[in-house]
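Here are the chains, one letter per residue:
Number of protein chains: 2
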Amino acid sequence: MANESLIQRRDRALGAGAELFYENPIEMVRGEGAYLFDREGRRYVDLYNNVPCVGHGNPAVARAMAEQQATLNVHSRYLSEGIVQYAERLANLNHDGIESVVFSCSGTEAVEVAIMMARLVTGKQGLVCTDATYHGNSTLVDSMSDLHRKPTMPHHIHSFPYPDLYRPVEPGVDEETLSQLTLEHVSKAIDELKSEGSGFAALIVCSIFANEGLPDVPPGLMAQIAELCHAEGGLLIADEVQSGYGRTGRFWGYEKMGFKPDMVVGGKPMGNGLPISAVATRKDHVDEFRARKDYFNTCSATPLQAAVGLAVLDEIDRMGLVAHAGVVGDYLAAGLRQCIDLYEPIGDVRGCGLFLSVEMVQDPESKSPDAKATKTLANHLKDRGFLVSHAGKYENVLKIRPPLVFSQTDADDFLAAFDDSMKALCGR
Amino acid sequence: MANESLIQRRDRALGAGAELFYENPIEMVRGEGAYLFDREGRRYVDLYNNVPCVGHGNPAVARAMAEQQATLNVHSRYLSEGIVQYAERLANLNHDGIESVVFSCSGTEAVEVAIMMARLVTGKQGLVCTDATYHGNSTLVDSMSDLHRKPTMPHHIHSFPYPDLYRPVEPGVDEETLSQLTLEHVSKAIDELKSEGSGFAALIVCSIFANEGLPDVPPGLMAQIAELCHAEGGLLIADEVQSGYGRTGRFWGYEKMGFKPDMVVGGKPMGNGLPISAVATRKDHVDEFRARKDYFNTCSATPLQAAVGLAVLDEIDRMGLVAHAGVVGDYLAAGLRQCIDLYEPIGDVRGCGLFLSVEMVQDPESKSPDAKATKTLANHLKDRGFLVSHAGKYENVLKIRPPLVFSQTDADDFLAAFDDSMKALCGR
Chain A
0 MANESLIQRR DRALGAGAEL FYENPIEMVR GEGAYLFDRE GRRYVDLYNN VPCVGHGNPA
60 VARAMAEQQA TLNVHSRYLS EGIVQYAERL ANLNHDGIES VVFSCSGTEA VEVAIMMARL
120 VTGKQGLVCT DATYHGNSTL VDSMSDLHRK PTMPHHIHSF PYPDLYRPVE PGVDEETLSQ
180 LTLEHVSKAI DELKSEGSGF AALIVCSIFA NEGLPDVPPG LMAQIAELCH AEGGLLIADE
240 VQSGYGRTGR FWGYEKMGFK PDMVVGGKPM GNGLPISAVA TRKDHVDEFR ARKDYFNTCS
300 ATPLQAAVGL AVLDEIDRMG LVAHAGVVGD YLAAGLRQCI DLYEPIGDVR GCGLFLSVEM
360 VQDPESKSPD AKATKTLANH LKDRGFLVSH AGKYENVLKI RPPLVFSQTD ADDFLAAFDD
420 SMKALCGR
Chain B
0 MANESLIQRR DRALGAGAEL FYENPIEMVR GEGAYLFDRE GRRYVDLYNN VPCVGHGNPA
60 VARAMAEQQA TLNVHSRYLS EGIVQYAERL ANLNHDGIES VVFSCSGTEA VEVAIMMARL
120 VTGKQGLVCT DATYHGNSTL VDSMSDLHRK PTMPHHIHSF PYPDLYRPVE PGVDEETLSQ
180 LTLEHVSKAI DELKSEGSGF AALIVCSIFA NEGLPDVPPG LMAQIAELCH AEGGLLIADE
240 VQSGYGRTGR FWGYEKMGFK PDMVVGGKPM GNGLPISAVA TRKDHVDEFR ARKDYFNTCS
300 ATPLQAAVGL AVLDEIDRMG LVAHAGVVGD YLAAGLRQCI DLYEPIGDVR GCGLFLSVEM
360 VQDPESKSPD AKATKTLANH LKDRGFLVSH AGKYENVLKI RPPLVFSQTD ADDFLAAFDD
420 SMKALCGR
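If you read the sequences in order, they're chains A and B.
According to numbering that gives the first Met the number 0, the residues represented by the first sequence are 0 to 427, in order.
According to numbering that gives the first Met the number 0, the residues represented by the second sequence are 0 to 427, in order.
Read the hints as simulated data drawn from the structure, not as lab findings.
Check the hints yourself; a few may be wrong.
The list treats identical chains as interchangeable, and a pair is accepted whether it falls inside one copy or across any two copies.
[Claimed, not checked] In silico DSS-like pairs for lysine-lysine, Cα to Cα no more than 27 Å straight-line:
#, residue 1, residue 2
1, K282, K292
2, K255, K371
3, K292, K371
4, K374, K292
5, K374, K422
6, K292, K259
7, K282, K371
8, K187, K282
9, K193, K259
10, K292, K422
Bound conformation, chain A alone:
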């Protein structure tokens, strides 16, 4: 393998086991739009990376970054027109209740801020999340990951089974029953927190249940969950790190799902590669947070974050990427859905906009998750020059989440490669 010595050096310098994608990892050297290029000059169509939402190597973003870094990049305790403009623009992209923004660098940090703020304003500690989620990697936030695998739930956290019409908690339930069951599970988690003495501060959820594998969620359920949270005295935090920024064909995933969260957490695509994250919420929540926590984050709320963050929003507007994601996403989804009847291992195709999932099963009747086939399929696609990965509670969901500049032609090319890869997988 050509990369063997680089892999060996990497094992020493970054520690053995630092994750690499694919059986034969790729050394990328260049990116442009929806494409990545390896050291041998081979082109890959990127259907995985959501961070470079306005395209790999986007020149307007790189220019904004370079100009601001060369001009001024300093912490947030001096006044800065740029960061105020950026916060105003982010707040205005949300519903009327959202006025103020707290910036950080990573999604993890923004989730930490949202939780701290929710705990402060409610005076309670308890958190509710799904049983197959991921919201970040700090000690607190990581404790929400993989709750279905863990015997204990530290940090005042209880989980509920995420709603999934393909694999419902009780077989054969309809949308209405699943909604009812999910609301009961959420209630139960809140009750448990209350009876333990933690109280209920907030429920945090990815608006489209991305890490859960993009399940089909009963319509109206999210609005009912929001109502329930408020009735129980808690807040609803929408983790929009994956679902936001046009990904679903609407600017925020919560718009697509028809609910209004109390706090909106943004991250990955905000900086097209520059670390930027944010919590947007009511001004009085932020005021209380500022008054009681001396929160300061050195490299956030900087002129650099502002310049790059605004350039990304400008590019999304200029290229009309929100609508584009909806149109191309629908086209791609329709193409994938045609494959369900052609290939037994495809159990389901779900998602919206440019975030789709293909659920791989051993057979359509048992619906037994097939994580191995999912990995094999991802490797087949990679060999054909298309980059995807896997997700979901059972790691059997092909995760399709390209840069928003991914075109209809790219979709056609991918659909051909997908068909070809499925044939190879099925030994045809």
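Since the structure of chain A is already known, use the hints to place chain B on it.
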């Protein structure tokens, strides 16, 4: 005030109470080397900002950032020559035991990683820190701040009084006695953790006790603390976010202080404004961390962090900034020390390299901390075009921590302004 409408908009967009420096906050619009310029074109000599270590607007760093962002900026699960080189270079800047690096975006995130890793490799939970420290802003890491003010110590954390020859825990002790007392306090904290059942995972400390106000620490004490940690089965984590990267006249603060930590946490100056942080430690520690935690941080260990991080190290080398910080720092410290006898409110001048502190007191006998005078002095200096801030357990320590490119001429100018400001403060 010219900035009133911007301040009002900021209060709404970022929440009221987001900290601003100085009675009349400054709107900065440009930076160059050790200088910042406000909207009216007024120049300030920067003696506060440690992030732009190789200078505000450093062109080589801005160029590296722009080129890499325009070429490729993608997550770490593809192979990348740059990030391996950067990790190798960081490891090599440390003592022999340090081989491998885990990258993150912020200092907080790197401290989280160090703690997670220490807990995994020791199988214990307990942490020891000083009673006036700050290591970051996540729920866990923030719980180490201001332990002297808090009645409870959650998260398996115990503190010890930081060593301070100016304000020793027992009046009039000499260096040897203070060392002995500090070691006893550390032992006590470890014993308490053990008897509570937490066990002892790690002691974390800024190598030069920056947030504690840069106290004079008895020579050899840090090496004794390292020995004690190892004897008790725990690890010593050096938080080098402030003390590292040439700040003290040595590359790492721990070199200046004469000890070898098990883990080295780097942050702020690493990216000259781009969020980069890292934990460097033994390979077997990182291997175990990688094997047991699926740690992934989207915008870290990227080609962008590598390109910018390497450019910063190149600039430090090219301009000889480590030695420079030692020389100019000594010169500046000598000038400030001459003021001790001239002005009663100056209780002490401490620090090393380009990180100095001036302890402000009500009178030299009582040594009563004078936080108000410290703030007034910072405002006087700002009015004269010099930027400093305050620190320390009692917020009565003037914090002097310029970009490393700060020159001897800048030092002369500052010393004149300092003298003038002290005269104003003392009503002369």
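Evaluation of the provided hints:
With identical chains, the CA atoms of K282 and K292 are at most 27 Å apart within one copy only, with a shortest distance of 15 Å there and 37 Å across copies. Taking the shortest alpha-carbon separations for K255 and K371, neither the intra-copy value of 32 Å nor the inter-copy value of 53 Å comes in at or below 27 Å. In this homomeric assembly, K292 and K371 come within 27 Å of each other (Cα to Cα) only across copies, at 21 Å, whereas the closest approach inside a single copy is 47 Å. Proximity of K374 and K292 under a CA criterion of 27 Å is satisfied inter-copy only: 21 Å between copies versus 44 Å inside one chain copy.
Within a single copy, K374 and K422 get their C-alpha atoms as close as 15 Å, which meets the 27 Å cut-off; across copies the closest is 72 Å, which misses it. In the homo-oligomer, the alpha carbons of K292 and K259 lie at most 27 Å apart inside one protomer (26 Å), although the nearest pairing across protomers, at 34 Å, exceeds that limit. Taking identical chains as interchangeable, the C-alpha atoms of K282 and K371 are never at most 27 Å apart, the minima being 48 Å within one chain and 30 Å between chains. In the homo-oligomer, the alpha carbons of K187 and K282 never lie at most 27 Å apart, since the shortest distance is 31 Å inside one protomer and 44 Å across protomers.
In this assembly of identical chains, the alpha carbons of K193 and K259 lie at most 27 Å apart only when taken from the same copy (24 Å versus 47 Å across copies). In this homomeric assembly, K292 and K422 never come within 27 Å of each other (Cα to Cα): the closest approach is 57 Å inside a single copy and 36 Å across copies.
The structure fails to meet hints 2, 7, 8, 10 from the earlier list, while all remaining hints are met.
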